[in-house]
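In this text, residue positions in the sequence shown follow UniProt numbering: the first is 1, and each later residue adds one.
Keep in mind the hints are simulated off the structure, nothing from the lab.
Hints may be right or wrong, so weigh each one.
For each label pair, taking beta carbons as the anchor points, the in silico distance ranges come out as [stated by the list, open to error]:
hint : residue 1 : residue 2 : range
1    : Ser7      : Asp75     : 30 to 38 Å
2    : Ser21     : Ser361    : 50 to 58 Å
3    : Ala356    : Val472    : 36 to 44 Å
Here are the simulated lysine to any residue pairs, SDA-like style, with alpha carbons at most 20 Å apart [what the hints assert, rightly or not]:
hint : residue 1 : residue 2
4    : Lys437    : Ser355
5    : Lys391    : Thr485
6    : Lys391    : Ala481
7    : Lys242    : Ile186
8    : Lys441    : Glu396
9    : Lys331    : Thr346
10   : Lys437    : Thr466
11   : Lys93     : Glu35
12   : Lys331    : Ser355
13   : Lys348    : Ser361
14   : Lys348    : Ala389
15   : Lys215    : Val192
16   : Lys348    : Tyr312
17   : Lys93     : Val17
18   : Lys458    : Glu440
19   : Lys408    : Pro498
20   : Lys44     : Gln273
Just so you know, these numbers come straight off a predicted model, no measurement behind them.
We put the beta carbon where it would ideally sit given N, CA and C, even for glycine.
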Amino acid sequence: MKFTQESATTWSRAELVGTWSLPDNPAPTAGLEVELPEGLRGVKTSFPMMSDAKGTTPSVQMGTCYVEDTRLFCDIDDDYIAENPLNLRGTFKFWVQVTTETTTDTQVTYTFDDVEATLTVVPPKTGGTCPENCEFTGRGNGKWGGWDYETNAIVWTVAVEAGPNGAEGGETIIVKDTPGAGQDLIPARSAVVFETNEVRPNSAGYWRPTNWQVKPESEYTINAARDQVTIVAEKGYFYEIKFVTQPTDLTLETYENEATVGTEEEKTVTAQQRNVGGSATGIGENVGRFAVTKTVDGPDVNVDDVDFSVTYTVTPPEGEGEPVTDTFTFKAGQTWTSEDFPRNSTVKLSEATPSALPNASWGTPVFSESEFTLKGGTLSEITLTNPLALKTGQFEVSKLLAGDAASKVPADTTFTIDYSFPAGDGFEAGSGSLEVKAGEKATSPELPAGAVVSISEKTPVAITGTVWGDIVIDNVNFTVAAGDTTDVVVTNTINDVPTPSPSPSPTPSPSRPPVKPGLPSTGR
């Protein structure tokens, strides 16, 4: 912060200039504020904050600044910040009235928060009355400008030449105004004629035309553009004409205005008016970034060791650099973020085929966007998804019968073959059954490659007069091979029930002679 001049008189105006900056990604309704210290009073006005043009990006209004008695504050548009949130910075300048009173030239240091600015304050000159040559001898053609702080407009006054007694009367006065660069005429406020026939001394004792009155428009002629008036002068009158312009380029230090005044001969008068309305500029980084996040869509196969390779080409807008092509690698679940590139750069993305997996295959990669345009101050978030599918294989069961009773097995007899496998890389445990007849084959559904399968058979149905032997399974345990079919042979042996050998007859016991009846004993 500093003053643009070294000194200023008390009650005069001085210009302050400064720089500003904001942290990256400020919250909405961001802006800046400068509190004025004691001894300075803001000259009330408002003015736009304009962005700096850069490359093909034009200057636009990015905010509005306001000067009050005690402060300057600027509101920056949320939309501009949203598009340009990085490295926001700029300049400002505005006018203050110096209210510090001194009796001698005094160097005064004014503190604005933690910034200081120094100005030599000069006491005002003492007034007095005109000592000599105070009479009014007439006036020549002239022009001057004054700043309208309420509307940020410039009021230009054209004085018409006249002698000490005013116009002679009857002469035609034509005044045409020509605004200079960076300003437009405001027709509704222009071509206003003031007149007076009074000459009186002012406060300093000098005699001057005074008590100016607005002349009715019905008493003079105005062209359609209201940049020219034609007056038929009245005897004894003095004339001033006011034109008002609106500055359109607030970056200019001064504005010029020219007028031609015609009475007996045409004369040109010019004037300059310094920009005392204030101005501000700013810019945020017109850059964008993009980020790519890697996802895998499919079974939970271990892909921790897989490096995915993406190539990008960034083409900046015309005049802002050459295209950039590069490659980066990352892993599943990771996000890679680019460096800054100019806003409105176009980006193209592609991916190399990932390295092969033993039990799964990659599909075509899917970008949420593979071609896009970077927005200023915005991170373009891209998702890159790689579809993944398990490789599969099958097994085929052949059913054989053996034994002397094989022919007794009915042709429609079915055998149930069970299979199962534990969980593996990318798949859960599974099981199932196949039905197969003797002499035929049955094929399993697709099973995940790498699965370790175990085969078993349910006990076959009983057949009268026969007996089942042991079940023999070739490839009772095997690993599913991708794209291949494993042969499994299940053999059942069945035999007739054997006829039992005859049992020998038992040897008969020897016979006893029958007992003859006798007389009972008498003891004699």
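Do the hints match the structure? See the list:
no. : hint                          : verdict
1   : Ser7 <-> Asp75: 30 to 38 Å    : 33 Å, holds
2   : Ser21 <-> Ser361: 50 to 58 Å  : 54 Å, holds
3   : Ala356 <-> Val472: 36 to 44 Å : 38 Å, holds
4   : Lys437 <-> Ser355             : 44 Å, violated
5   : Lys391 <-> Thr485             : 13 Å, holds
6   : Lys391 <-> Ala481             : 9 Å, holds
7   : Lys242 <-> Ile186             : 11 Å, holds
8   : Lys441 <-> Glu396             : 7 Å, holds
9   : Lys331 <-> Thr346             : 25 Å, violated
10  : Lys437 <-> Thr466             : 18 Å, holds
11  : Lys93 <-> Glu35               : 14 Å, holds
12  : Lys331 <-> Ser355             : 12 Å, holds
13  : Lys348 <-> Ser361             : 26 Å, violated
14  : Lys348 <-> Ala389             : 27 Å, violated
15  : Lys215 <-> Val192             : 8 Å, holds
16  : Lys348 <-> Tyr312             : 6 Å, holds
17  : Lys93 <-> Val17               : 4 Å, holds
18  : Lys458 <-> Glu440             : 17 Å, holds
19  : Lys408 <-> Pro498             : 15 Å, holds
20  : Lys44 <-> Gln273              : 18 Å, holds
This entry does not satisfy hints 4, 9, 13, 14, going by the numbered hints stated previously.
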